[in-house]
Structures are given as structure tokens and as C-alpha cells.
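Here the protein sequences line up with chains A and B, keeping their order.
Per the numbering used here, the first sequence starts with residue 1, numbered consecutively.
Per the numbering used here, the second sequence starts with residue 1, numbered consecutively.
Errors might be hidden in some of the hints.
Said to hold, decoys possible - Distance condition first, Cα-Cα at most 25 Å in a straight line; then the derived DMTMM-like pairs of lysine to aspartate or glutamate:
#1 Lys-109/B x Glu-102/A
#2 Lys-106/B x Asp-17/B
#3 Lys-109/B x Glu-72/A
No wet-lab data here; the hints were simulated from the structure.
Just so you know, these numbers come straight off a predicted model, no measurement behind them.
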Amino acid sequence: NAGVTQTPKFRILKIGQSMTLQCTQDMNHNYMYWYRQDPGMGLKLIYYSVGAGITDKGEVPNGYNVSRSTTEDFPLRLELAAPSQTSVYFCASGRQGFITGELFFGEGSRLTVL
Amino acid sequence: EDKVVQSPLSLVVHEGDTVTLNCSYEVTNFRSLLWYKQEKKAPTFLFMLTSSGIEKKSGRLSSILDKKELFSILNITATQTGDSAVYLCAVGRSYGGSQGNLIFGKGTKLSVKP
């Protein structure tokens, strides 16, 4: 059982480039999330989705976009990368939603913008 | 502003010691408090607490919530080197319906020396 799978695990971008972080889960969870984790800081919610076709902004959405065309996939798009987007990105999914149930996290994608 | 504060930020102990990690919060529309363990990569779920005074236990780990004083503690008895990790506290805040957010603390880094 793969759980939550993120790709790529590492990426270096130049300022102004764009890229997509992929996230797939095989647990049939309706709820999916993207977080970023900066050194010494807590995880911050970027975007979340409560089901296919439904997405909403979290705390720090600027510079990012998401889509949710299927239950399994929740890609995160970075447009015009900036050094401030250097971070570790975690995708997570949950059955009941993050306020009442546990989240399952992917192993993270470390992004560096130079 | 909603906040979750963990203390201490780091802690070094020896195998066999007992440790107590603290999490205090100021969050409107509280729904739940969760503890995660983060080793090298993805956070993994430990406990979810929603009611005051009810201890949750899993092996050598236990946790309790005080909703009046707005804090939770995570206890680890007879620590082992495998307990070395960052322990994250997160509080679920509801916006209504299925909408909401997990607000994470910065984590407590626990190092257990042989």
C-alpha cells in the first residue's frame, strides 16, 4: 500500500521558472492538502481540497495553484518561482478532514530556488 | 491571531529518562489537538485529542488535553534512541462544515543519547 506519493523528492529551480509538484494517494481519501515547512517553523497550509473538483486557499496560497480533477491526484503548481518559495513541501490526505481525523503525509519534496 | 506554542524547542536526554513535551494554544473554534512524530521525512500520526482529561496511550507514549487551560502534554517514558525526532503539535480549527485548518507549532526536537 503506497499511501501518499510525492514527486520529485528534490528540485532546484531558477528564479522565474515554473514547475508542478505531483501528489497521488491510493487510500480513496476525499481530503487532500499541501503544506510547506520552512526551517524552524511549523507547517503552513498552502491549499486544500475536500473532494474532486473542489479546492480552497489555505494560509499561504500566493504564488501557487492547485487542481483536483480526480480523487487520487492533487498537483501543486508553482508559477514564477521566487527564493521565498525555497522550502520542503508536504502533501497529505485524510478520510475525515484535518479537524477531526489524522492526516497521512507524503515524504516531502525539497525545493530550492536560486 | 491563532497560535500554537510548543516547549521546549529542543531537548537532550539519555536513554531511560522520562520526558514531557508541552503544547499550548490560542485557537478560535477549536476542534481537536493532534500530535505527530517527524523523523527524517514525513510526519506520522501519534494521537488525536478532543476531550479534556482523557489520557490517550500507546506503549510508552501518552498524552492528555486540558481545554480549560488550553494545553496538552506528551509524555514519553523509558526513552530510547529511536524516540529521537521532532514532535509536532497541531490544533484543528473549524471555519464551519468541512472547512478548517490545522495550525502547527514549531515542534520540539528530542535527542535521546545512548
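Results of checking the hints against the structure:
{"no.": "1", "hint": "Lys-109/B x Glu-102/A", "verdict": "holds, 21 Å"}
{"no.": "2", "hint": "Lys-106/B x Asp-17/B", "verdict": "holds, 23 Å"}
{"no.": "3", "hint": "Lys-109/B x Glu-72/A", "verdict": "violated, 33 Å"}
The structure fails to meet hint 3 from the earlier list, while all remaining hints are met.
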